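Asker: Please arrange chain U on chain X, whose structure you already have, making use of the hints.
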Amino acid sequence: AQSVTQLDSHVSVSEGTPVLLRCNYSSSYSPSLFWYVQHPNKGLQLLLKYTSAATLVKGINGFEAEFKKSETSFHLTKPSAHMSDAAEYFCVVSDKELSFGAGTTVTVRA
Amino acid sequence: NAGVTQTPKFQVLKTGQSMTLQCAQDMNHNSMYWYRQDPGMGLRLIYYSASEGTTDKGEVPNGYNVSRLNKREFSLRLESAAPSQTSVYFCATKWRSEPVSTDTQYFGPGTRLTVL
Chain X
6 AQSVTQLDSH
16 VSVSEGTPVL
26 LRCNYSSSYS
36 PSLFWYVQHP
46 NKGLQLLLKY
56 TSAATLVKGI
66 NGFEAEFKKS
76 ETSFHLTKPS
86 AHMSDAAEYF
96 CVVSDKELSF
106 GAGTTVTVRA
Chain U
484 NAGVTQTPKF
494 QVLKTGQSMT
504 LQCAQDMNHN
514 SMYWYRQDPG
524 MGLRLIYYSA
534 SEGTTDKGEV
544 PNGYNVSRLN
554 KREFSLRLES
564 AAPSQTSVYF
574 CATKWRSEPV
584 STDTQYFGPG
594 TRLTVL
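Respectively, the protein sequence lines represent chains X and U. Each residue of the first sequence is one higher than the one before, starting from 6 at the first, in this note's numbering. Each residue of the second sequence is one higher than the one before, starting from 484 at the first, in this note's numbering.
Extracted from the complex, chain X is given alone in its bound form (with noise of 0.2 Å):
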């Protein structure tokens, strides 16, 4: 079986401070893991995903996630906010089937 935790249900960050949204995983297999973003009233958008091709994977809008099997994580990452990154994120695994997070919903002050 395999499930999807997103540790922060809500994170609320400055203007051009780093933004970090935790994920871990657990999997039978070597899943396939994807961040992806919902802005309100919107359908979701493919932020990332991994691959296997390279543990740091580099997203749409400055956006990096960092896969790590030791301790089954894959954080998500963007060095400076911009107000248009209030949203909410998901992380999702691909195993035998689809899963997602609940979300953690990003607020940016100015």
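Keep in mind the hints are simulated off the structure, nothing from the lab. Incorrect hints may have been included.
To be verified - Residues from chain X that face chain U, not an exhaustive set, calculated with beta carbons under 10 Å:
no.: 1; residue: Ser-14
no.: 2; residue: Ser-17
no.: 3; residue: Val-18
no.: 4; residue: Gly-21
no.: 5; residue: Phe-39
no.: 6; residue: Tyr-41
no.: 7; residue: Lys-47
no.: 8; residue: Leu-49
no.: 9; residue: Gln-50
no.: 10; residue: Leu-51
no.: 11; residue: Lys-54
no.: 12; residue: Val-97
no.: 13; residue: Ser-99
no.: 14; residue: Gly-106
Claimed, not checked - List time: in silico BS3-like cross-link candidates among lysine-lysine, alpha-carbon distance up to 30 Å:
no.: 15; chain 1: U; residue 1: Lys-554; chain 2: X; residue 2: Lys-54
no.: 16; chain 1: X; residue 1: Lys-63; chain 2: X; residue 2: Lys-74
no.: 17; chain 1: X; residue 1: Lys-63; chain 2: U; residue 2: Lys-497
no.: 18; chain 1: U; residue 1: Lys-540; chain 2: X; residue 2: Lys-54
no.: 19; chain 1: U; residue 1: Lys-554; chain 2: U; residue 2: Lys-540
no.: 20; chain 1: X; residue 1: Lys-47; chain 2: U; residue 2: Lys-497
no.: 21; chain 1: X; residue 1: Lys-47; chain 2: U; residue 2: Lys-554
no.: 22; chain 1: X; residue 1: Lys-63; chain 2: X; residue 2: Lys-73
no.: 23; chain 1: X; residue 1: Lys-54; chain 2: U; residue 2: Lys-492
no.: 24; chain 1: X; residue 1: Lys-54; chain 2: X; residue 2: Lys-73
no.: 25; chain 1: U; residue 1: Lys-492; chain 2: X; residue 2: Lys-47
no.: 26; chain 1: U; residue 1: Lys-492; chain 2: U; residue 2: Lys-540
no.: 27; chain 1: U; residue 1: Lys-554; chain 2: U; residue 2: Lys-492
no.: 28; chain 1: X; residue 1: Lys-47; chain 2: X; residue 2: Lys-63
no.: 29; chain 1: X; residue 1: Lys-54; chain 2: X; residue 2: Lys-74
no.: 30; chain 1: U; residue 1: Lys-497; chain 2: U; residue 2: Lys-540
Claimed, not checked - Listing some non-contacts, in silico: residues in chain U with all C-beta distances to chain X over 12 Å:
no.: 31; residue: Pro-491
no.: 32; residue: Leu-496
no.: 33; residue: Ser-534
no.: 34; residue: Gly-536
no.: 35; residue: Thr-537
no.: 36; residue: Asn-548
no.: 37; residue: Asn-553
no.: 38; residue: Glu-556
no.: 39; residue: Glu-562
no.: 40; residue: Pro-566
Values in this document were obtained by computation on a predicted structure and should not be read as measured data. Even glycine gets a Cβ: it sits at the ideal position worked out from N, Cα and C.
Answerer: Same frame as chain X, but now just chain U:
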């Protein structure tokens, strides 16, 4: 290309009414999915279709039925709507359905359903 489209965008139903949510894709993807999104619960899979002609239950199938009409279209039907089905519904597609697939899932814009 439109990608993944869903109709309607919004719907209000009374308890006991029925309706069908439509999803269509023009990406020639094999697998299609229906999710519901509720606050604090992420997305939960209702039903999916690995290929034309096949459908399977997901995590929360009760109260729903689906039809994979052809490769392009995958509809979700609520036969007798209940207030617990108030949610945002997303359709998604993926090129392959095999395990450990690195294929990206593409999502439609969602349907906001309220059941009174």
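Asker: Would you check the hint for Lys-492 (chain U) and Lys-540 (chain U), treating anything up to 30 Å between C-alpha atoms as holding?
Answerer: Answer holds: Lys-492 (chain U) to Lys-540 (chain U) is near 24 Å, not above 30 Å.
Asker: Hint Leu-49 (chain X) vs chain U: min CB-CB distance below 10 Å?
Answerer: holds, 4 Å
Asker: Regarding the pair Lys-554 (chain U) and Lys-492 (chain U), is the alpha-carbon distance no greater than 30 Å?
Answerer: Holds, at about 22 Å.
Asker: Taking only the CA atoms, is the gap from Lys-54 (chain X) to Lys-74 (chain X) under or equal to 30 Å?
Answerer: Holds, because 15 Å separates the two Cα atoms, which is no more than 30 Å.
Asker: Is Lys-63 (chain X) close enough to Lys-74 (chain X), meaning Cα to Cα at most 30 Å?
Answerer: Distance ~17 Å between Lys-63 (chain X) and Lys-74 (chain X) Cα, so the pair holds.
Asker: Decide if the proposed pair is consistent with the structure: Lys-554 (chain U) and Lys-540 (chain U), CA atoms, cutoff 30 Å inclusive.
Answerer: holds, 18 Å
Asker: Hint Ser-17 (chain X) vs chain U: min CB-CB distance below 10 Å?
Answerer: With a minimum Cβ separation of about 17 Å from chain U (threshold 10 Å), the hint on Ser-17 (chain X) is violated.
Asker: Verify this label for me: Leu-496 (chain U) is non-interface relative to chain X, using a Cβ-Cβ cutoff of 12 Å.
Answerer: holds, 20 Å
Asker: Going straight from one Cα to the other, do Lys-54 (chain X) and Lys-73 (chain X) come out at no more than 30 Å?
Answerer: With a Cα-Cα distance of about 14 Å, the restraint between Lys-54 (chain X) and Lys-73 (chain X) holds, given a limit of 30 Å.
Asker: For Pro-566 (chain U), is the shortest beta carbon distance to chain X beyond 12 Å?
Answerer: holds, 22 Å
Asker: Tell me if the interface restraint on Gly-106 (chain X) is satisfied: Cβ within less than 10 Å of some Cβ in chain U.
Answerer: holds, 5 Å
Asker: Check whether the Cα positions of Lys-63 (chain X) and Lys-497 (chain U) lie no farther apart than 30 Å.
Answerer: violated, 46 Å
Going down the numbered hints, you'll see the structure goes against 2, 3, 4 and 17, while the others check out.
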